[in-house]
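K.L.:
As they're listed, the protein sequences go chains R and D.
Mapping of the first sequence onto our numbering: position 29 corresponds to residue 29, and the numbering continues sequentially without gaps.
Position in the second sequence (from 1) plus 1000 gives the number in our numbering.
Keep in mind that the hints were calculated from the coordinates and are not lab data.
Please note that the accuracy of each hint is not assured.
Covered stretches of chain D (chain R as the covering partner; in silico rule of three or more C-beta atoms under 8 Å from a C-beta of chain R) [unchecked claim]: (1) 1055 to 1067; (2) 1147 to 1156.
Pulled from the structure, derived: some chain R residues nowhere near chain D, Cβ distances all over 10 Å [unchecked claim]: (3) Leu31; (4) Gly235; (5) Pro291.
Treat the numbers as computed from the prediction; the structure is a model and nothing was measured.
Even glycine gets a Cβ: it sits at the ideal position worked out from N, Cα and C.
Below, each chain spelled out in residue letters.
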Amino acid sequence: MSKQLLIDALKGKRTSRAPWLPYAGINSAFLINETAENYLKSPELMAKGVENSAKRYRADGIPLMFDLSVEANAIGCELRWWADNVPSVVSHPCSRMESPGQLGLKVPTRESGRWPVVLEAGRLSKPGLDALDCAMVGLCCGPLTLASHLAGVRIFTDVYKNKEFARDMLEFAGEVIAASAQFYAEMGCEVIGIVDPVASQVRSETFQEFVTPYVQKGLEVIKKAGACSVFLICGDCTKVLEDVCQIGTNAFAIDEQLNLSYVRDLARKYGLGFAGNLKLTLALSLGLISPREDAIVSLAAGGTHGFVLAPG
Amino acid sequence: MPSIEDILKSIHDAVVAYDEEGVKKAAELYIDEGHDALRGITDGLAAGMATVGDLFKAQEYYVPEVLLCAEAMQAGLDILTPHLRAGDSKSRGRVVLGTIQGDIHDIGKNIVKLMLEISGFTVYDLGTNVPYQDFVDELVRTEAELVGISAMMTTTMMGMKKVIQLVREARPEVGILIGGAPVSREIVKMFKADGFALSASDVVDEVKRVLALRTA
Chain R
1 MSKQLLIDAL KGKRTSRAPW LPYAGINSAF LINETAENYL KSPELMAKGV
51 ENSAKRYRAD GIPLMFDLSV EANAIGCELR WWADNVPSVV SHPCSRMESP
101 GQLGLKVPTR ESGRWPVVLE AGRLSKPGLD ALDCAMVGLC CGPLTLASHL
151 AGVRIFTDVY KNKEFARDML EFAGEVIAAS AQFYAEMGCE VIGIVDPVAS
201 QVRSETFQEF VTPYVQKGLE VIKKAGACSV FLICGDCTKV LEDVCQIGTN
251 AFAIDEQLNL SYVRDLARKY GLGFAGNLKL TLALSLGLIS PREDAIVSLA
301 AGGTHGFVLA PG
Chain D
1001 MPSIEDILKS IHDAVVAYDE EGVKKAAELY IDEGHDALRG ITDGLAAGMA
1051 TVGDLFKAQE YYVPEVLLCA EAMQAGLDIL TPHLRAGDSK SRGRVVLGTI
1101 QGDIHDIGKN IVKLMLEISG FTVYDLGTNV PYQDFVDELV RTEAELVGIS
1151 AMMTTTMMGM KKVIQLVREA RPEVGILIGG APVSREIVKM FKADGFALSA
1201 SDVVDEVKRV LALRTA
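Chain R extracted, bound-state conformation:
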């Protein structure tokens, strides 16, 4: 395992082999026979699970957790917990068009919500991951997804009909992301990602106006900490992929719906690293495609210039 290999690839450099970054996430709980809820509420179980997954999967890098509800919960959103999945955000305080400022919502501190558990989990995990030469990856919830947690579905129409409100939401989200990035940097994460799944659901102009500007504060924090930055996006993001490439991160990660050759060419055009795209649904979950063959195809398409093998 080699964290430097991962960092080099994410920075768009040539590597001796493609590094491997499994987003084990809540799968780590399953591997140590714990429920998702027990796992995510215990720093000791999280540290045990992450180290176990890093060893089992022989990872060059691994996320501490893959849970986009942390920020929303730390701001005050309620969660619904599941036995076999990360929690869902079930309350949206800004859904009546009251901005975070009007509601007195605060940017989270290290004591807010689940941050004490996450910070302790990071502290406990780091030595074990260092011993394995495995990078610890911190994942922050991206601005549009976070705004949708706070405002609900209405944010998707507010970007057209109520732009000032939408900007207030995204501005606040940007501050929250910067705080999350700072916490992950303090834990010693070598790689810090901003994950914005719903950003693939808007057109390019909307992405440029309501996503790009609001990741910049987070990126400044990541850069200042000397960590490597990644923007992760889900779904068919073809129409916004150039915007993703221009967002300012070292690298980006996409999901199984995209053609890896196309992604590779675009990443090379911008000198970025890129991660993907094992087919999570068709190969890893359902076995409709052989995972082994899917990995071989991905490795062949991705090459060893800025490419990181990861689930899509």
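Could you slot chain D onto chain R? The hints should help.
P.N.:
For chain D alone, coordinates are given in the frame of chain R:
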């Protein structure tokens, strides 16, 4: 005076342009001219949303535009629905709809519900995070002919297999549609569902196809 076709086109175009005021104006003119409200809904509003669905499939429209168009369409429905005749409200079929247990996403499901309702179907919407057995219980309670199961995540989508099994055991004659971001034709086949719709423009035809199949 504009012809009925011109007004229907105005309604259609205003929906596609997510022009809520334009839809209201055209719908009011349509009613003032004494035209049949049901036709205004199917050939104006629903036709507009079908075009929106095509634009979504072509990646010219995205979620924000679809939601705005749905709002514009709803504004038109608010004007036309009170003018429906008693016979117009005869249901074309009953559909149970829900987002599966563990999943709280509902944008797509809500648009499907809207499309089915304006096309004359009676929809029993169970909401989100619907326990597997609740789909079956609602099918039994309502005697619906079709169930639609939605999931946005791969993890929750896996539960569809269980729901399909429960439905087949309890009411084998019911048609089963699945949908959501991770769903594809391969998965419909693998899970042994009857069909799926990629977008709002497909869902009504797919429901009609599956209903015809199950009653054949």
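K.L.:
Decide, hint by hint, whether the structure agrees.
P.N.:
Now the hints, each set against the structure:
Taking a C-beta to C-beta cut-off of 8 Å, the stretch 1055 to 1067 of chain D contributes 6 residues in contact with chain R, enough for the three needed, and the coverage statement holds. Counting residues of the stretch 1147 to 1156 of chain D whose beta carbon lies closer than 8 Å to any beta carbon of chain R gives 4, which meets the minimum of three for the stated coverage. Distance check for Leu31 (chain R) against chain D: the nearest CB is about 15 Å away, which clears 10 Å, and the non-interface claim stands. Interface exclusion of Gly235 (chain R) from chain D breaks down, the closest Cβ pair being 6 Å apart, not more than 10 Å.
Every beta carbon of chain D lies more than 10 Å from that of Pro291 (chain R), the smallest distance being close to 14 Å; the non-interface claim holds.
Checked against the numbered hints given earlier, this structure breaks only hint 4.
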